[in-house]
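Listed below are the residues making up each chain.
Protein chains: 2
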Amino acid sequence: MTDEQFAQLRSQFQIPENMVYLDGNSLGALPKMTQSHMTDVISRQWAGELVTGWNTCDWIDLPLSVGDQIAPIVGAAAGSIVCCDNLSINLFKALAASLEINNARTLISVEAGQFPTDSYMAQGLASLVGPERCQVQSVDVDTVTVGDLKHSAVLVLSHVDYKTGTLRDMGSITKVAHAAGSLIIWDLAHSAGVVDISLAASEVDFAVGCTYKFLNGGPGAPGFLYVNERHQHSQNPLPGWMGHARLFDFEADYDAAPGVRRFLTGTQSVLALNAVASSLSVFDGLCLTELRQRSLSLTAHFIALWQKSALLQGDSVIVTPLDEAKRGSQVSLALDHAFPISQALIDDGVVVDFREPNLIRFGFSPLYNTLTDAERGISSLESIITSKQYEAPQFQIRSTVT
Amino acid sequence: MTDEQFAQLRSQFQIPENMVYLDGNSLGALPKMTQSHMTDVISRQWAGELVTGWNTCDWIDLPLSVGDQIAPIVGAAAGSIVCCDNLSINLFKALAASLEINNARTLISVEAGQFPTDSYMAQGLASLVGPERCQVQSVDVDTVTVGDLKHSAVLVLSHVDYKTGTLRDMGSITKVAHAAGSLIIWDLAHSAGVVDISLAASEVDFAVGCTYKFLNGGPGAPGFLYVNERHQHSQNPLPGWMGHARLFDFEADYDAAPGVRRFLTGTQSVLALNAVASSLSVFDGLCLTELRQRSLSLTAHFIALWQKSALLQGDSVIVTPLDEAKRGSQVSLALDHAFPISQALIDDGVVVDFREPNLIRFGFSPLYNTLTDAERGISSLESIITSKQYEAPQFQIRSTVT
Numbered sequence: 001m002t003d004e005q006f007a008q009l010r011s012q013f014q015i016p017e018n019m020v021y022l023d024g025n026s027l028g029a030l031p032k033m034t035q036s037h038m039t040d041v042i043s044r045q046w047a048g049e050l051v052t053g054w055n056t057c058d059w060i061d062l063p064l065s066v067g068d069q070i071a072p073i074v075g076a077a078a079g080s081i082v083c084c085d086n087l088s089i090n091l092f093k094a095l096a097a098s099l100e101i102n103n104a105r106t107l108i109s110v111e112a113g114q115f116p117t118d119s120y121m122a123q124g125l126a127s128l129v130g131p132e133r134c135q136v137q138s139v140d141v142d143t144v145t146v147g148d149l150k151h152s153a154v155l156v157l158s159h160v161d162y163k164t165g166t167l168r169d170m171g172s173i174t175k176v177a178h179a180a181g182s183l184i185i186w187d188l189a190h191s192a193g194v195v196d197i198s199l200a201a202s203e204v205d206f207a208v209g210c211t212y213k214f215l216n217g218g219p220g221a222p223g224f225l226y227v228n229e230r231h232q233h234s235q236n237p238l239p240g241w242m243g244h245a246r247l248f249d250f251e252a253d254y255d256a257a258p259g260v261r262r263f264l265t266g267t268q269s270v271l272a273l274n275a276v277a278s279s280l281s282v283f284d285g286l287c288l289t290e291l292r293q294r295s296l297s298l299t300a301h302f303i304a305l306w307q308k309s310a311l312l313q314g315d316s317v318i319v320t321p322l323d324e325a326k327r328g329s330q331v332s333l334a335l336d337h338a339f340p341i342s343q344a345l346i347d348d349g350v351v352v353d354f355r356e357p358n359l360i361r362f363g364f365s366p367l368y369n370t371l372t373d374a375e376r377g378i379s380s381l382e383s384i385i386t387s388k389q390y391e392a393p394q395f396q397i398r399s400t401v402t
Numbered sequence: 001m002t003d004e005q006f007a008q009l010r011s012q013f014q015i016p017e018n019m020v021y022l023d024g025n026s027l028g029a030l031p032k033m034t035q036s037h038m039t040d041v042i043s044r045q046w047a048g049e050l051v052t053g054w055n056t057c058d059w060i061d062l063p064l065s066v067g068d069q070i071a072p073i074v075g076a077a078a079g080s081i082v083c084c085d086n087l088s089i090n091l092f093k094a095l096a097a098s099l100e101i102n103n104a105r106t107l108i109s110v111e112a113g114q115f116p117t118d119s120y121m122a123q124g125l126a127s128l129v130g131p132e133r134c135q136v137q138s139v140d141v142d143t144v145t146v147g148d149l150k151h152s153a154v155l156v157l158s159h160v161d162y163k164t165g166t167l168r169d170m171g172s173i174t175k176v177a178h179a180a181g182s183l184i185i186w187d188l189a190h191s192a193g194v195v196d197i198s199l200a201a202s203e204v205d206f207a208v209g210c211t212y213k214f215l216n217g218g219p220g221a222p223g224f225l226y227v228n229e230r231h232q233h234s235q236n237p238l239p240g241w242m243g244h245a246r247l248f249d250f251e252a253d254y255d256a257a258p259g260v261r262r263f264l265t266g267t268q269s270v271l272a273l274n275a276v277a278s279s280l281s282v283f284d285g286l287c288l289t290e291l292r293q294r295s296l297s298l299t300a301h302f303i304a305l306w307q308k309s310a311l312l313q314g315d316s317v318i319v320t321p322l323d324e325a326k327r328g329s330q331v332s333l334a335l336d337h338a339f340p341i342s343q344a345l346i347d348d349g350v351v352v353d354f355r356e357p358n359l360i361r362f363g364f365s366p367l368y369n370t371l372t373d374a375e376r377g378i379s380s381l382e383s384i385i386t387s388k389q390y391e392a393p394q395f396q397i398r399s400t401v402t
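Chain order of the listed sequences is C and U. Position one of the first sequence corresponds to residue 1 (the numbering used here), numbered consecutively onward. Position one of the second sequence corresponds to residue 1 (the numbering used here), numbered consecutively onward.
Take the hints with a grain of salt, since some may be wrong.
A pair counts as met if it fits within one copy or between any two copies, since identical chains are not told apart.
For lysine to any residue, the following SDA-like pairs were computed, each having C-alpha atoms within a straight-line distance of at most 25 Å [stated by the list, open to error]:
{"#": "1", "residue 1": "163", "residue 2": "313"}
{"#": "2", "residue 1": "32", "residue 2": "43"}
{"#": "3", "residue 1": "32", "residue 2": "277"}
{"#": "4", "residue 1": "150", "residue 2": "290"}
{"#": "5", "residue 1": "326", "residue 2": "304"}
{"#": "6", "residue 1": "175", "residue 2": "52"}
{"#": "7", "residue 1": "32", "residue 2": "388"}
{"#": "8", "residue 1": "388", "residue 2": "52"}
Since the hints were made in silico from the structure, they are not lab data.
Only chain C is shown next, with the shape it has when bound in the complex:
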């Protein structure tokens, strides 16, 4: 894609003037068309169609139709993804289904240092079903071997680490898990939309993700669940009526719908799903390989600028791999005073975020970030460190988030 094409892509997003937004890895920016689409959904669909909108506006199929929009972005076949609930709940479904499928084993392997909700859900499942049916072990996924997984029913790990931005090799780790007789669940929260992903070709068993980061579905937008076709017969441990084969017959007993639809729970938010549907349409006609190249050119530019800065080399360390093959779409710096510096950056119009204990994450969306954004990020950081303006009292206050 040309610079002009990227500029055209960026113009589809509403980003505040003078803001350098480097936190699309936490919350994606608003695609302009989503605003007008939501006005239509509320004023015409909800107000005008009322209950008949479930049919006339295809609300009932949104979890599947939005799933089919996500499928090409993650290398999955149509009909293998539902967009619903949130990542935590979808992971619970995938974990329980994995224990059912791989029923000679009882061990869930969780990546050490994983985004915590993933291990919390594994612990929750183990606590619910009891230690004789499920235990949880922690593994280092960057060195994981067949031996580490020889008792594992399922391994769950992040495709891109949320702190360091390290990208894991989906194909080879999936092979290790399978060689050990373990299933695998990939958490795509920080990779969907910015990395070329081949769930089907890599023979991944399950994958989960969220749509509010690089997919730009809006704050707290629904999660998604990929189920390999060979596992679509397995049980949903949260079998709400939306996953029933004949949901409007209101039968007393649960009879799971064929295909991935059985992984639905109860009724899903039509407003939330429509925002995702609209935001995903930005991806129509885009090539993930080109987006991945754009993402790498942005993070590489940021890293090159950092490497030219004696100040930053003295005061900070890049914890994100310099090797492009191992880099997601963010660059994380470890440095002293990381929290107040992150707040001073935000105050200067460079929106980043802080992660414990001493990290600042600079996230780059190939859809709307520019080389200039990387330059502004570096220059603002240099200026804040040099001036020590982060020492101002207002930057010391820890808020709930970011």
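Keeping the supplied structure of chain C fixed, place chain U upon it in accordance with the hints.
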């Protein structure tokens, strides 16, 4: 409240001209202020504040703050409700917590004829934890005795039956359950907002509900979960990071937040929750006892008109209790050709819905329905039956919903 006050209330809703909307028991109408609020949430909060909106716009506390808006509508204390996920998932949490609390027992009692998602979730939990830890029995809640529940860990039942519109006596059935040593979970899907409910005074253990019916939160709007203060120490079986005591410390182990917050799972939709927040503000300053009176006057008027119609008395049966104390906010008629007649009613601008096997539900919202709506419902039904216009081929086609 005066007729003028009710007219003023109705004027806050956007209802299509010439439509008689009698399906607020399935999907509530759009409060006009919700449209403008959502434009603000999308264009100013999301687009303008971006990730900092989690703090600056209090997104992070929405499940609790919306829960506190629901609390007075259902007779609950502030801090005892979370608005999140959907009814099915919230029921799963309440069922698992009940088994943990009442751990000498393993039996879940489900109302016979319950809205099916409730029994599906009980079956799902039983299947997940295994028969030695959980079994499900069905009970007739209209005749339930202490003896029926003597082995029951928890009873789950609907406050208002979705088919017949029968209202159960929350106080007395809760006492029966407690006398038998069983906990109780009330499903408020069809009663919240139209019946005077006293969760705290009735000493209810748990309650679940949805916000898309009489609370007008929009299609598929989030569910809610009430947890009596005495049970707020119990475990959430779906312990996502949003229920952690220190969620932004990203600790490896789950440590549940104090209070009802621990019943959160993963990230919730800020768009969906804001629509609910806005729609619930219609209830500000309203008295539930007066709304209940208004609801009864509407259903009583409909019943009186039916009773005056020789045609309708010959062709249909009211399956909703004539006794006001046992009536929710709908009137259900059993009649031949119920499905095509329901479709002809909708075609005539009287929006109702059909439920298996032969029911048409006429739902009345005290916030926006009028006595004239009841009259139009009856006259349209008479005209459709007399003319046999329901025999037209287009009314025979079964769609997915309604």
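Violated hints - listed by number, lowest first: 4, 6 and 7
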